[in-house]
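Listed here are the chains, written in short residue letters.
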Amino acid sequence: MWHIAKREIYNNLNSLRFALATALLLGLMLTNAVVHLREHPERVQRYRERVSGHQNNIAAHAESSLYDLAQEGPGYLYKKPSDLRFCAEGSETFMSDRAQAGYHRWSTDTLKSFWILAYPSATPNRDNVRPDVTKVDWGFIIGYVLSLVALLFTFDSISGERERGTLRLTLSNPIPRHTVLIGKFLGAFISVNIPFILAVLVNLLVISTSSGVHLDAEAWGRLGIIFCVAVLYTCLFLALGMLVSARVQRSAVSLVVLLLVWVVFVVFMPSTLASIAGRSTSSGPTYDFSERSWKLHEELSSDYYSRRYKEPEDSTKGIEIDGAYVTKDAEQQEQLHEERLNRRIAEVHRARTITRISPVTIVQNLIESFAGTGFERHLQFLGNVQIYAREFRTFIVDTDNADPESLHIFGVRTGMSQEPISPEAVPKFEDTLNLSKDFNTAAMELLLLTLFVLVLLSGAYLVFVRVEV
Amino acid sequence: MMTLIRRELLDNLMTFRFAAATFIMLLLVVANTFVLIIDYERRLASHNDAVKMHQRQLQEKITYSAGKVRVDRPPNPLSIFNVGFDKRLGNEVGVSHRLVPSLWDAGMHGSDNPFMDMFASMDIVFIFEVILSLFALIFAYNAFAGEYESGTLRLVLTHPIGRGKILVAKYMSAMFCLIVPLLISLLLATILLTTSTAISLNSDDFLRIGGIILTSVAYLSVFYLIGLLISAATRRTSTALMLSMFVWGFWS
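Sequences listed follow chains V and D, in order. Under the numbering used here, the residue at position 410 of the first sequence is numbered 410, and the numbers go up by one with no gaps. Position in the second sequence (first residue = 1) + 1000 = the numbering used here.
Check each hint, because a few of them may be wrong.
If you want the ones that stay clear, here's a sample from chain V, every Cβ over 12 Å from chain D, calculated [to be verified]:
# : residue
1 : 37
2 : 204
3 : 395
Examples of chain V residues toward chain D, derived with CB under 8 Å [to be verified]:
# : residue
4 : 91
5 : 152
6 : 208
7 : 256
8 : 347
9 : 427
No lab work stands behind these hints: they were computed from the structure. Glycine is no exception: its CB is placed at the ideal position from the N, C-alpha and C atoms.
Throw the hints in and build the complete structure from the sequences for me.
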């Protein structure tokens, strides 16, 4: 078996396709590294500036009074840019890089609306008149280029030998067929992975030697996982190539079949399925939302005014009604925003489930979730933001409760504690990434990919065992 | 000359790759046209709703000076062939005095979910671009290298025919074989378009479809000629095939 693998490797190493594949992969990976080095330090710098600005904001509010802090809220919360963004740019540009924890809607001469958590959306498409360009990230290189290379290495592995007659010669020796198949698979596997490993090493070398980007131990672990996913993915296409090559008599026909399968599964399936999935979502127009929000507010405020004017100006009862109005309004509006967010997320989840039939989507989703970019990462960020918002509100309530002179009525300046607060005591937002959470979301896709590989491998085995030489 | 063309044509038409090209083109184009038509109808409905609402808002206005007229851009039925920026850029603009709207003032109606933008949208021209360029190269890779290997090239050249003529014959017959699936699938797509009640194409649109066909043919011819160049320059079909595939992967 090892003899066969070795023969295959020597055969491949001397071939034109090996040289071309190496050149192509190296070129793409180098481009990727250079682009990342140019863009990433800027991105990190911007994030740092924004975060420090946000801290200063909170400190200013905290120094003025508890009411100001509770009314203004923490302000914009920013998503930490991932160090592994060169692995998968993917859908990152379509996600907002912030959440707005301080969205104000109205103020009257005595009252101001309290902050709510809103989720601004990034719509880079709306004012982008440049045509689409494919981002050269690992997701693209692995998903498209590496899969094509894997097919080009295996399309003639069996049919080519049959054409030349060497298959008969090999099988006349006392070697079982499955040994031949495994040997061929191993040979193709190693000769596809040599250029890929080379390219990956060059890419990582360029990135890690630069001073602007720092990769920590966890990032290297994630890179290792991404590499394993890529290797699994190449196995899938190698198995597919062997399957078709064993089934079809001539290698030219085998190549045509393989390319068609590749084009359909890799190029068309993701976008066609996504447009079908996008169609099934029937979300209403945008103004529905603002109308609903306005109506809710209107109902609440008319109720408030009718009750408020029965009370004298400065009584505690009046302040209580004021406070109830403001807090109730904030609660309602925030719930509305959260409902909309959840509906949108559910739609995307549905669409992504449908597109998972295509292996390239699976592998790109996997790379995205392990690289800490993309949709799953965005959901983690939003989860962090929601936890932080709760923390912040609890902090306000606790500080207010600690002051015995306060009336404990939220929403009104006179109803809350007047004690000064130290800015250090205010909880700080920290956006963290959790590898085990990433594993949980990726487990399904990982298993699906493995299933594809196993099915194709056993298919190749069955076909090759039964085929007539 | 005619016999040469006929020979090449028959050679190409009888092959598996021609059948595969036609079949896969038809499959993809029909499936995608269905999806795209439904998508277009939805966009049109949302446009009509928006127009109605803006009309109503305008009639409810009492003072004209404070009024803001909202103008809507209808979706283009030809966006089914090539979507371009039709879905991407804003499709409603508010016009009032003292405001000159620019591209960035345009709003968007019809889609409530900005996350859905991350899924790529597709159109019929994209199918042509990818599949037909691939097939142009597959048709071309053994045009010369294959004949060279089987020795028929020598045989043909013993006859008193110019080398240029052989080239032209090969080019014409292969282009014919590539244009047939293109035309059939475009025809099918147009038939599907006309059956839809929401879409009415005028003569202008048909002229534009003609333009799309012309550009597609020119595009195909570029790829076929690249393949022919590779095939003539290399002596072995497998080398030619490898080179063509890498060129294709690199350029498209």
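Hint-by-hint comparison with the structure:
1. 37: Fine: 23 Å to the nearest Cβ keeps residue 37 of chain V off the interface.
2. 204: holds (23 Å)
3. 395: Given that every Cβ of chain D is farther than 12 Å from that of residue 395 of chain V, nearest at about 31 Å, it holds.
4. 91: holds (4 Å)
5. 152: Hint holds; residue 152 of chain V Cβ to chain D Cβ min 6 Å, cut 8 Å.
6. 208: Because about 28 Å separates residue 208 of chain V from the closest Cβ in chain D, which is outside the 8 Å limit, the hint is violated.
7. 256: Nearest chain D Cβ about 5 Å off; hint holds.
8. 347: holds (5 Å)
9. 427: For residue 427 of chain V, the interface hint is violated, since the closest Cβ of chain D sits about 29 Å away, which is over 8 Å.
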